[in-house]
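Can you make the complete structure from the sequences, with help from the hints?
In order, the protein sequence lines correspond to chains A and B. The numbers in the UniProt record's numbering rise by one with no breaks, and the one at position 129 of the first sequence is 129. The numbers in the UniProt record's numbering rise by one with no breaks, and the one at position 150 of the second sequence is 150.
Fair warning: there could be bad hints in the mix.
Computed cross-link-like contacts, BS3-like style, restricted to lysine-lysine with a CA-CA straight-line distance of at most 27 angstroms [unchecked claim]:
1. B:Lys262 - A:Lys84
2. B:Lys172 - A:Lys279
3. B:Lys172 - A:Lys84
4. A:Lys330 - B:Lys79
5. A:Lys252 - A:Lys149
6. A:Lys228 - B:Lys79
7. A:Lys252 - A:Lys192
8. A:Lys423 - A:Lys131
9. A:Lys433 - A:Lys423
10. A:Lys433 - B:Lys262
11. A:Lys92 - B:Lys79
12. B:Lys262 - A:Lys233
13. A:Lys131 - A:Lys149
Please keep in mind that the hints were generated in silico from the structure rather than gathered at the bench. Fair warning: this is a prediction, and the values are worked out from it, not measured in the lab.
Here's the letter readout for the chains.
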Amino acid sequence: MKRNRHIRVVVTACIAGALAMTSAACGKSSTSAGSDGGKELTYWSMYKEGEPAQVALKASIGAFTKQTGIKVHVQWQGRDVLTKLQPTLNRKPAADLFDRNLAPVKSLMVPAGTASDLTDVLSTQIPGENKTIGDVLPDSYRSLGEVNKKLVVLPYNVVATGFWYNAAKFPTLAASPPKTWDDLQKLLDTQKAAGHAPLALDADIPDYNAYWYTSMVVSQLGVNSFHKAAGDKTGATWDQPGYLKAAQQIQKLASGGYFVSGYKASKFPAIQQKWANNKADFVIMGSWLPGEVKTYAAAGFKYASFPIPGNGTTASPVPSTAYGWVIPTKAAHRTAAEKLIAFLYGKAQMQSFADSTSTISARSDTTPSDAVAGAVASMKTNGTYQTDDAVNQDYADWWTKVFEPLDDKLITGNLTATAFIAKLKSQSVDYWKHAL
Amino acid sequence: MTASTVAASTADPAVGSPSESPAGARGHNAAAPRGGRDGNPFRARQRRLYIPFVAPAFVLYLAFLIVPLAGTFWISLHKWPGSGPMQWEGTRNYTYLLHDPVFLHSFRNTLVLLFGAGAATFALSFGLTMLLRDMVGRSTARSIIFFPNIVPALVLSILWGFLFQADGLVNKILGLIGVHHPPAWLAQNHLYSMILLGVVWTSTGFYTTIIMAAVDRIPPYLYEDCALAGANAWQRFRHVTLPLSWDVIGICAVLWTINAIKTFEFVLAMAGSSSGLPTPEVWTVSLYAYASAFASSGVPQYGLAAADSIVTLVLVAVLVFLIRRVMRRDTIEF
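If you want it as structure tokens, here you go:
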């Protein structure tokens with residue numbers, strides 16, 4: 001009996017101890033935001049050490065501290081920066097500033113109200129220049145960082161999606177790119193007849209497969225058409241002919257042997273490597289492509305792109321994604337963070353970043369590299385819209401569970417266009433009926 | 001005389017079965033006079049030390065297993081994006097799982113992995129064990145077979161992917177021997193089979209090593225008796241190897257069940273990419289939980305991920321219980 005009593009006492013003490021430890025851990029986070037002395041800040045970056053973007057940013061941050069005396073505590077977190085930061089956002093954010101694209105910010109921060117509206121930062125003057133950030137940030141780029149007219153991501157870098165090719169092989173294409181899908185189809189047929197593989201696609205990546213159908217729908221039916229169908233709980237929108245037509249175009253490419261051999265049974269970046277070595281002519285991809293393939297591309301490869309062809313009546317806008325600055329609403333050092341943003345928006349800093357990463361700067365008066373000059377021109381003339389018509393942001397679960405598996409089958413020739421639309425409709429109705 | 005009777009007859013009846021021994025030992029302890037009463041100072045001290053020795057482990061177990069488990073169950077009853085307030089959902093996450101074709105497909109994939117790949121792994125492990133038992137240089141062979149288990153599954157899965165892709169080494173070798181139209185190994189309709197094959201390949205060495213260690217304990221004279229009795233390879237396996245390594249096989253079955261249901265990184269690395277998750281066609285229940293909580297876009301569904309984890313835990317518990325029941329035998333001493 002005495003032994004049992006001892007055990008009971010110890011067990012009770014242990015449970016009490018464990019609960020106390022747990023509750024202490026839960027209640028430990030400080031709710032005080034701290035004072036904004038403007039002398040330091042913590043910045044968490046989406047880049048990792050050694051990446052060209054990290055090297056460029058590190059140099060710019062060093063220059064900022066030297067010029068302003070504001071100390072920047074940097075952590076190079078990588079692409080899952082927001083996943084790591086998220087648990088701290090409701091109390092005292094672990095970072096005063098971080099960078100990311102809109103999709104995760106919109107999903108994780110906007111519903112919880114933890115992302116600051118940075119619209120007022122646009123009126124901040126850039127140090128050493130007689131311009132504000134808003135003066136040099138085009139509307140077509142700014143809108144890529146907005147949710148309900150609130151600027152939650154202040155873009156510094158833009159990714160444009162389009163058809164990429166080797167301009168050394170197609171010297172006249174820059175001046176006269178295909179305007180419609182029929183024009184493109186003719187070009188593909190010519191290449192195929194000449195014994196070339198016209199298209200490249202690493203079909204093991206569902207997001208790459210999705211570029212094709214989403215951009216074809218938008219080029220047929222306009223911006224927001226794919227978004228509208230995705231969110232239609234009745235599924236009736238999928239019955240409109242444009243959706244089937246886009247699927248039929250994909251089916252024709254998949255069954256017609258337009259994609260380079262092995263595209264549906266390889267592991268990324270095998271097919272991209274084939275494209276970079278002139279074994280396939282065109283690939284739909286984001287404007288990071290030249291920087292990504294340069295280590296293994298064929299000698300003399302001249303990167304160029306043209307926008308996704310339109311429907312013949314209007315030019316199709318360019319699917320685009322903005323990467324930029326985000327300040328959590330409870331950031332302790334917001335003033336210092338804004339100063340850093342303004343400094344990094346300086347022309348020299350933005351040009352340096354664009355040059356070292358071969359990407360598109362959000363600042364309109366920087367000079368793009370030759371590789372992305374065509375993409376910049378396309379965005380300027382055709383305008384922009386959110387990549388994948390923002391469906392992967394707003395209906396991410398549907399995108400992953402319903403759309404992408406069917407789209408993968410369509411583009412690899414395992415599903416006909418008619419079956420694709422029928423399944424997309426029925427599965428969407430079922431999905432929305434049970435959605436959480 | 002059959003081999004099994006050889007085994008039974010050579011077991012020492014004086015020792016009795018180990019399954020009886022612990023019970024016997026417990027019975028002996030229960031029957032023994034208590035320390036305080038028998039005046040044995042050693043037993044009294046032993047009892048006093050019981051609580052101080054057990055308590056730290058119990059506290060850690062409570063704090064790092066029981067409390068988080070209770071927390072996971074609590075989260076599974078809510079809608080929660082990982083921060084901010086939780087919204088009570090009751091059992092809705094669980095009913096959603098029952099209606100979600102992706103979860104049901106992931107569950108089916110997990111069961112195929114558990115039973116299909118499990119059967120293949122154990123069949124191969126037994127086969128290799130029997131082959132290696134009498135082989136010259138078997139410790140070298142055993143090390144080679146065990147090697148895939150040392151290399152991280154992440155590295156192996158990436159390698160596996162590159163071996164089997166359209167222009168990979170496997171197809172190149174097949175081309176050299178005249179197979180010019182090999183199957184599209186990594187195509188979506190074959191991808192999960194290739195993952196299963198990869199899991200079997202990485203796991204076989206581990207289970208072969210454990211089973212071989214058990215088989216090595218079997219006295220050689222039993223096999224000599226079998227030879228004298230004219231037993232063939234299957235009879236030797238059926239009547240000597242299997243019964244005398246049964247307890248180890250039971251442990252292996254439990255380990256396999258737990259590992260198979262938790263299979264995650266091999267699928268993610270082989271079928272996924274740096275930019276996203278693999279297609280749901282190849283998800284397992286573990287990958288489903290990960291995708292629910294850590295997808296690159298979309299509102300994280302920690303409640304759903306927690307519900308999936310609880311379902312997985314129940315599945316493991318039920319299967320382990322059943323395995324223990326089905327495989328319970330009186331162990332033969334030798």
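The hints, checked one at a time:
1. B:Lys262 - A:Lys84: Holds - the C-alpha atoms of lysine 84 of chain A and lysine 262 of chain B are around 23 angstroms apart, at most 27 angstroms.
2. B:Lys172 - A:Lys279: Given that 27 angstroms is the threshold and the Cα spacing comes to 18 angstroms, the pair holds.
3. B:Lys172 - A:Lys84: This hinted pair is violated, its Cα atoms lying about 43 angstroms apart.
4. A:Lys330 - B:Lys79: holds (24 angstroms)
5. A:Lys252 - A:Lys149: violated (40 angstroms)
6. A:Lys228 - B:Lys79: Distance of about 26 angstroms is within 27 angstroms: holds.
7. A:Lys252 - A:Lys192: The given pair, whose Cα atoms are some 13 angstroms apart, holds under the 27 angstroms limit.
8. A:Lys423 - A:Lys131: Not OK: lysine 423 of chain A and lysine 131 of chain A at ~53 angstroms, beyond 27 angstroms, violated.
9. A:Lys433 - A:Lys423: holds (15 angstroms)
10. A:Lys433 - B:Lys262: Given that 27 angstroms is the threshold and the Cα spacing comes to 30 angstroms, the pair is violated.
11. A:Lys92 - B:Lys79: Holds, at roughly 23 angstroms.
12. B:Lys262 - A:Lys233: Violated, at about 35 angstroms.
13. A:Lys131 - A:Lys149: With a Cα-Cα distance of about 23 angstroms, the restraint between lysine 131 of chain A and lysine 149 of chain A holds, given a limit of 27 angstroms.
Consistency note: the structure conflicts with the earlier hints numbered 3, 5, 8, 10 and 12.
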